[in-house]
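Novice: Chains A and B supply the protein sequences, listed in that same order.
So the first sequence is numbered by the working numbering: it starts at 1 and just counts up by one.
So the second sequence is numbered by the working numbering: it starts at 266 and just counts up by one.
Treat the hints with care, as some may be off.
Examples of chain B residues lying across from chain A (beta carbon under 10 Å, computed) [what the hints assert, rightly or not]: (1) Gly620; (2) Lys635; (3) Arg675.
Heads up, simulated DSSO-like pairs for lysine-lysine below, C-alpha to C-alpha not over 27 Å straight-line [to be verified]: (4) B:Lys565 <-> B:Lys541; (5) B:Lys365 <-> A:Lys175; (6) B:Lys365 <-> A:Lys119; (7) B:Lys330 <-> A:Lys160; (8) B:Lys365 <-> A:Lys29; (9) A:Lys48 <-> A:Lys68; (10) B:Lys562 <-> B:Lys580; (11) A:Lys8 <-> A:Lys123; (12) A:Lys33 <-> B:Lys365; (13) A:Lys29 <-> A:Lys46; (14) B:Lys330 <-> A:Lys14; (15) B:Lys562 <-> A:Lys8; (16) A:Lys119 <-> A:Lys43; (17) A:Lys71 <-> A:Lys44; (18) A:Lys26 <-> B:Lys365; (19) A:Lys175 <-> A:Lys160; (20) A:Lys52 <-> B:Lys365.
To spell it out: a stretch of chain A is covered by chain B in this simulated footprint if at least three of its residues, at any positions, have a beta carbon under 8 Å from a beta carbon of chain B; those stretches are [unchecked claim]: (21) 7-15; (22) 57-65.
I should point out that these hints are in silico values taken from the structure, not numbers from a laboratory.
Even glycine gets a Cβ: it sits at the ideal position worked out from N, Cα and C.
So you can see what is in the structure, the chains are spelled out below.
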Amino acid sequence: MMRPYRPKDNVQKKSYYTDRFWVAPKIPKIDVKEDEVFASDTKKIKEKFDIKDAYIQRGQLVVEIDPKINKDLLFFLRDELEYDMLMELSAIDYLAQSGEFEIFYQLLSMSKRKRVRVKCRIKENEAIESVNSVFRSADWSEREMYDMFGIVVNNHPYLKRLLMPDDWVGYPLRKTYPLQGDEAAQWYEIDKIFGKEYREVVGPEMRDPAYINENDTNNFARYKHEVPKGAPADSEPIEIDSFNEDAPLVETFDLKKSKFVNRDR
Amino acid sequence: MQQRNRLEPFFENLSFDREDNRMVINFGPQHPSAHGQLRLILELDGEKIVKAVPDIGYLHRGMEKMAENMIYNEFLPTTDRMDYIAATSNNYAFAFAVEKLLGIENEVPRRAKVIRTILLELNRIISHLFWLATHALDVGAMSVFLYCFREREYALDLIEDYCGARLTHSSVRIGGVPLDLPEGWLEKLSVYLNNLPRQIELYEGLLDENRIWRMRLENVGVIPPEMAKSWGCSGIMLRGSGIEWDIRKEEPYELYDELDFDIPVSTTCDSYGRYKLYMEEMRQSIRIIRQLIPMYKDTKPQLMARVPQYISAPKEDIMTQNYSLMQHFVLVTQGMRPPVGEVYVPTESPKGELGFFIRSEGEPYPYRLKVRAPSFWHTSILQDLLPGHYLADVVTIIGSTNIVFGEIDR
Chain A
1 MMRPYRPKDN VQKKSYYTDR FWVAPKIPKI DVKEDEVFAS DTKKIKEKFD IKDAYIQRGQ
61 LVVEIDPKIN KDLLFFLRDE LEYDMLMELS AIDYLAQSGE FEIFYQLLSM SKRKRVRVKC
121 RIKENEAIES VNSVFRSADW SEREMYDMFG IVVNNHPYLK RLLMPDDWVG YPLRKTYPLQ
181 GDEAAQWYEI DKIFGKEYRE VVGPEMRDPA YINENDTNNF ARYKHEVPKG APADSEPIEI
241 DSFNEDAPLV ETFDLKKSKF VNRDR
Chain B
266 MQQRNRLEPF FENLSFDRED NRMVINFGPQ HPSAHGQLRL ILELDGEKIV KAVPDIGYLH
326 RGMEKMAENM IYNEFLPTTD RMDYIAATSN NYAFAFAVEK LLGIENEVPR RAKVIRTILL
386 ELNRIISHLF WLATHALDVG AMSVFLYCFR EREYALDLIE DYCGARLTHS SVRIGGVPLD
446 LPEGWLEKLS VYLNNLPRQI ELYEGLLDEN RIWRMRLENV GVIPPEMAKS WGCSGIMLRG
506 SGIEWDIRKE EPYELYDELD FDIPVSTTCD SYGRYKLYME EMRQSIRIIR QLIPMYKDTK
566 PQLMARVPQY ISAPKEDIMT QNYSLMQHFV LVTQGMRPPV GEVYVPTESP KGELGFFIRS
626 EGEPYPYRLK VRAPSFWHTS ILQDLLPGHY LADVVTIIGS TNIVFGEIDR
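Go ahead and model the full structure; you've got the sequences and the hints to work with.
Specialist: Next comes the structure, spelled out in structure tokens:
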């Protein structure tokens, strides 16, 4: 029998069951005219820029634009409309659906107490202009975006991986990125530091933190070989009833005395 | 024979053999005052810093990736591990973001809101005490460290009595809180709150006029307001630069619009001003909790929102009613399916603006979850802030940014 073909463009976890007739509800997109501040801001933006869409979602203005005008629009928002802080910047992977990344800039105006999200979409092999000259805080966020999605940022002062090692292959937050490491990832540190021949010496990584090797009395406490306190190590082991939860851990421990001492001076 | 280390050193375009008198030193990632795993590559001219390159990622656990492969309730305990000094504020920020995504933030019962707000402010006190302890220790005041930790232990005891955990609380759920306050808890809390102001006075008595403390903090790490805005600073880093902005006041959530408290602001822009703000914020937190204690008595015992589509029914209903059990089964095995759309929800955590951006495609798993951790932005400012300072001030500046690596690397 042939193995069923599974597309690799989105290897993330998926719901194992979905009702055939279930249609996901949508968060309503409210017209910008509902909010005075957003209405006037959108009007000013529309006078100067060609925007694709503008609506209010959950109390925040969302402006969809062409990626080419991202820097100019952020300059305009900062200088003319008082959205003077960049609070968040990142991307969403839509490669599986349309071969695009969606990049969002989350802005805050402290004088108006309003938040705006500017969104734009770029193709996989396209690059986006850096907004580092508008907001210095974009420096690390753009690096993180490059690190996690592989989106190249033009005119960035120091575009280098931020969270992952410099020689890392692949972009972790893409939907195509595998959820489990392959053999090379498993032995990454060993190969790098000691060399491939050391794999046998070190052995596979033990990921169970509760694992105790009962026969190993050198590296771990003498589990199941405990002797009474003060007795020599080779004397007769004692039975410890570890499942008796009522047995006091420390003989002299008094719950009432140990907590909430009245420290009024 | 020892094996030669084959790790190729990567020196960030900095060369070590130079003609000039500059020296490149590596600060961290295992430095005791690096507050976790911060690596700083400093270029020194004498003792003066001319270039600083912060390097992060040593604690990267891929939380955003984990979130994309977990149902919403499953991810909540993971948020504990971000800012582990004040775990409840992360839990709350996430739960609140999901509530906003679902549109059920007004369904949360009032008792749950009171408990959440108390926990949030208690966490703020815990976090600020921890900050003062470690910061004072870094600068050289050992006894303050011990006093602060003593007081923090009592606050952790309170948290432990409520939810059973001291560090990773998970004490907030999407749609409310899991537990009611235990008997006598509010009395213990008020005893604690009565003790705390004297302790804060003690810290201030030790530090305020202390010559060493002032010399090491005053005019060190000056962040002008423009710089703070441009670098996306938030919380005390922003208020320390003279900008009055607190999300609890400006975009109130939970019960903060009913509470009476002040937002302290410092115009000195330096580390000492920020230290004074931390002290004042603790006093304001005490004031907030004192107002919340009488509020608790007027609330009904309901703890979780009644939204059967998204939130499981109370245990009693699950045990007695067939339909509640079925819904509970679906919510546990498949998870809730929020509507298609996206939200960005900011909250004021002890460190600054902690925001969650969630994109939902109507699936039980978030399509994209981005954590806006305040420490991440406060670390990136170091590359602009450190040049011009002396090497000894690095410790003070890192301390006063109050960064925690759990939430920087995520």
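Novice: Each hint needs a verdict: does it hold in this structure or not?
Specialist: Consistency of the hints with the structure:
1. Gly620: Holds, because the Cβ-Cβ distance from B:Gly620 to chain A comes to roughly 6 Å (cut-off 10 Å).
2. Lys635: 5 Å, holds
3. Arg675: Nearest chain A Cβ about 8 Å off; hint holds.
4. B:Lys565 <-> B:Lys541: 39 Å, violated
5. B:Lys365 <-> A:Lys175: 25 Å, holds
6. B:Lys365 <-> A:Lys119: Judged against 27 Å, a Cα distance of about 20 Å means the pair holds.
7. B:Lys330 <-> A:Lys160: Given that 27 Å is the threshold and the Cα spacing comes to 20 Å, the pair holds.
8. B:Lys365 <-> A:Lys29: Satisfied, since the Cα-Cα distance of roughly 14 Å is no more than 27 Å.
9. A:Lys48 <-> A:Lys68: Distance ~14 Å between A:Lys48 and A:Lys68 Cα, so the pair holds.
10. B:Lys562 <-> B:Lys580: 23 Å, holds
11. A:Lys8 <-> A:Lys123: 18 Å, holds
12. A:Lys33 <-> B:Lys365: 22 Å, holds
13. A:Lys29 <-> A:Lys46: Roughly 18 Å between the alpha carbons, so the hint for A:Lys29 and A:Lys46 holds.
14. B:Lys330 <-> A:Lys14: Roughly 14 Å separates the two Cα atoms, so the pair holds.
15. B:Lys562 <-> A:Lys8: 56 Å, violated
16. A:Lys119 <-> A:Lys43: 17 Å, holds
17. A:Lys71 <-> A:Lys44: 17 Å, holds
18. A:Lys26 <-> B:Lys365: 13 Å, holds
19. A:Lys175 <-> A:Lys160: Measuring from Cα to Cα gives roughly 21 Å; hence the hint holds.
20. A:Lys52 <-> B:Lys365: Measuring from Cα to Cα gives roughly 26 Å; hence the hint holds.
21. 7-15: holds (count 4)
22. 57-65: holds (count 3)
Hint check: violations occur at hints 4, 15; the rest are consistent with the structure.
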